[in-house]
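From first to last, the protein sequence lines are chains A and W.
Positions 1 to 93 (our numbering) are the ones given, in order, by the first sequence.
Positions 94 to 506 (our numbering) are the ones given, in order, by the second sequence.
Hints listed in this document are in silico derivations from the structure and should not be mistaken for laboratory results.
Beta carbons are placed, not taken as given, at the ideal position from N, Cα and C, and that holds for glycine.
Keep in mind that a hint or two might mislead.
What the hints assert, rightly or not - Listed next, with one range per pair, are the computed distances between beta-carbon atoms:
(1) W:PHE360 <-> A:ARG25: 27 to 37 Å
(2) A:LYS27 <-> W:ALA322: 53 to 63 Å
(3) A:ASP33 <-> W:LEU370: 27 to 37 Å
(4) A:ARG25 <-> W:MET415: 52 to 62 Å
(5) A:LYS66 <-> W:THR500: 33 to 43 Å
(6) W:SER439 <-> A:LYS81: 52 to 62 Å
(7) W:SER439 <-> A:ASP33: 54 to 64 Å
(8) A:ASP33 <-> W:THR464: 51 to 61 Å
(9) W:SER364 <-> A:LYS81: 55 to 65 Å
(10) A:ARG25 <-> W:GLY274: 27 to 37 Å
(11) A:LYS66 <-> W:PRO244: 34 to 44 Å
As the list claims (entries may be wrong) - Some chain W residues flagged as far from chain A (calculated, every beta-carbon gap over 10 Å):
(12) TRP132
(13) GLY140
(14) GLU144
(15) ASP285
(16) LEU304
(17) PHE360
(18) ILE368
(19) PRO374
(20) THR388
(21) ARG407
(22) GLN438
(23) ARG477
(24) LEU486
(25) VAL487
(26) VAL497
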Amino acid sequence: MRGIALSAMLALIPALARAEEQETRLKQAPGMDMVEAQCGACHSLSYIVMNSPFLGPAQWDAEVAKMIKAFGAPIDPADAKTIADYLKQKYGG
Amino acid sequence: MITRRGLLEAAAGAVAIGGSDALAAPAGSVALQEDTRPWLSPLLPEGTRAEAAFETLTGKKPLIRLTDRPPNYEAPLNYLRTAITPNDEFFVRYHLAGIPQVDASTWKLSLSGEFANGDVAIGLDALRSLPAFEVTAVCQCAGNRRGLFQPHVPGVQWGDGAMGCARWKGARLKDVLDLAGLKKNVVEVVFDGADGPILDKTPDFLKSLPLWKAIEETTLVAYEMNGEALPHWNGFPARIVVPGWTATYWMKHVTTITAVTKPFDGFWMKSAYRIPLGKFPLVARFLSQETDANTPITEIVVNSLITSPVDGTRIKAGQRTMVSGIAWDGGYGINRVEISADCGQSWTEAALGEDLGKYAFRSWSHEFIPTRGKLSFASRATNRIGQTQTIELVQNPAGYHNNVIRTVMLDVV
């Protein structure tokens, strides 16, 4: 369903938050901050680790392109290249 | 402005206890090692094996967390040892991370689109006042066992536990649709649930069913699961139940049903959940969505799972031992389950457990007396229309329909 204001949604979720988020730690390398900010805006970073290390360079390019084209991620081409390069280097197969 | 911190809190909001804390046992406990890390198939990707861990969502027992935003949690093998899966052991799968807690008192199910009587909206009481039906059925994610594909394909890397079987009670979808009166030229009905995307540009999760399936007598708008209200994580207060078909159609937190006269072309129908044509023995087809190359995934393929003993277990020679598990299919019913201890050269029929209906898990067991050494067990289910499991994986890009015959290795000492 669309049109749920995020603030309203947050209010509806019980306040049982864990003390610390258990967000995945990605491997340190240039581009990591951008991956955390851009990819992590919509989904947990565990999607990246979970899908490793078997995706080749073309497949990582395809995944990044899918997030932009199919899922509407607002990532410009230069940032997309930084993200894809990081994923290929640290999580490629 | 949507901040990442805010989103993380939203996603984490309903998680009571995280990771291994949930299962902390006294130091020195023998169970500690086994319990704090789930058994994960060695076939899963290395990254999945490193990342997956037990975590306890509110109202659930510990499940294997693959991702927490959106929440994707599967059942460990030991939750699948019974033909009915308890609600607090049932897997959780979402596509999008915006998941509201739905208030049953204000929840409405809206019927819109090509209805003779115009738009109609009903609340939970009105839904419950319709004739109630109950069906025991397997709810299995289309991508269950994707993680076991060789070579691996991208997606949520599920092992065996993205499935469960429950008694679903609700109104027939047909009776709900009749409240607004379907027009004669309707070809599909489209479901929307209360969950939604984080970004406006992300396609909302909408799914359609062909009319013939929507009005089948077992297709329900369910409000009870195993005699209780649906858990939040499994679609409270109402979800679509499509016995025999993969869970992608079982819309959770359903809020809108739209009748359409043309095939629905949303992303989750047109581009996702598709299988190549001609590779699988489909009976139930979704013709209005079929292209020359592919077709929507529909019914569940016949399959089985050895739930005990777990792969790699050490057992004693000379003692009566039971190998047991479950079998299921797309609603034709399980005809037999066979066991092979010689890599498929010969097969012995296992004893079938209680028949809970053709859409349900069928439990099975086989007793034997092992002799010392390495022992392998494979299980193979066959349904009442003669379909059986494959020997080799049927490759397909999205990793669906993995019903390869699997082998469990035991160490007899």
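Tested hints:
Between PHE360 of chain W and ARG25 of chain A the beta carbons are some 31 Å apart, a value that agrees with the proposed interval 27 to 37 Å. Roughly 43 Å separates the CB atoms of LYS27 of chain A and ALA322 of chain W, a value that falls outside the hinted 53 to 63 Å. Checked against the given bound of 27 to 37 Å, the beta carbons of ASP33 of chain A and LEU370 of chain W, roughly 44 Å apart, lie outside it. ARG25 of chain A and MET415 of chain W have their C-beta atoms about 42 Å apart, which leaves the hinted 52 to 62 Å range violated.
For the pair LYS66 of chain A and THR500 of chain W, the beta carbons lie near 35 Å from each other, so the given range of 33 to 43 Å is met. One distance hint, 52 to 62 Å for the beta-carbon pair SER439 of chain W and LYS81 of chain A, holds here, with the actual separation near 56 Å. Between SER439 of chain W and ASP33 of chain A the CB atoms are about 58 Å apart, so this pair conforms to the stated range of 54 to 64 Å. Between ASP33 of chain A and THR464 of chain W the Cβ separation comes to about 59 Å, which falls inside the hinted range of 51 to 61 Å.
Taking 55 to 65 Å as the suggested C-beta distance range, the pair SER364 of chain W and LYS81 of chain A does not conform, at roughly 24 Å. Checked against the given bound of 27 to 37 Å, the beta carbons of ARG25 of chain A and GLY274 of chain W, roughly 56 Å apart, lie outside it. Distance hint check for LYS66 of chain A and PRO244 of chain W: the Cβ-Cβ separation is about 19 Å, which falls outside the suggested range of 34 to 44 Å. Distance to chain A confirms TRP132 of chain W as a non-interface residue, since its nearest Cβ pair spans about 17 Å, more than 10 Å.
Non-interface call for GLY140 of chain W relative to chain A: violated, since the shortest CB-CB distance, roughly 4 Å, does not exceed 10 Å. Remark: the non-interface label on GLU144 of chain W conflicts with the geometry, its nearest Cβ contact in chain A lying 5 Å away (cut-off 10 Å). Consistency note on ASP285 of chain W: stated as away from chain A, yet its beta-carbon is not over 10 Å from all of that chain's, at 6 Å minimum. Every CB of chain A is more than 10 Å from the CB of LEU304 of chain W (nearest about 23 Å), matching its label as outside the interface.
Against the 10 Å criterion, PHE360 of chain W falls within the reach of chain A, whose nearest CB is about 6 Å from its own CB. Non-interface status of ILE368 of chain W relative to chain A is upheld: no Cβ of that chain comes within 10 Å, the nearest being about 18 Å off. For PRO374 of chain W, the non-interface assignment is confirmed: its Cβ lies about 28 Å from the closest Cβ of chain A, beyond the 10 Å cut-off. In this structure THR388 of chain W is separated from chain A by more than 10 Å, as the shortest Cβ-Cβ distance comes to about 20 Å.
With a minimum CB-CB distance of about 30 Å to chain A, ARG407 of chain W clears the 10 Å threshold, and the non-interface call stands. With a closest Cβ-Cβ approach of about 32 Å to chain A, GLN438 of chain W is found to remain outside the 10 Å limit, as its non-interface label requires. At the 10 Å boundary, the C-beta of ARG477 of chain W stays outside the reach of chain A, the nearest C-beta of that chain being 37 Å off. With a least beta-carbon separation of about 15 Å from chain A, LEU486 of chain W lies farther than 10 Å from that chain, consistent with its non-interface assignment.
Its beta-carbon lying about 19 Å from the closest one in chain A, VAL487 of chain W satisfies the requirement of being farther than 10 Å from that chain. With 10 Å as the threshold on Cβ separation, the claim that VAL497 of chain W sits away from chain A holds: the shortest Cβ distance comes to roughly 18 Å.
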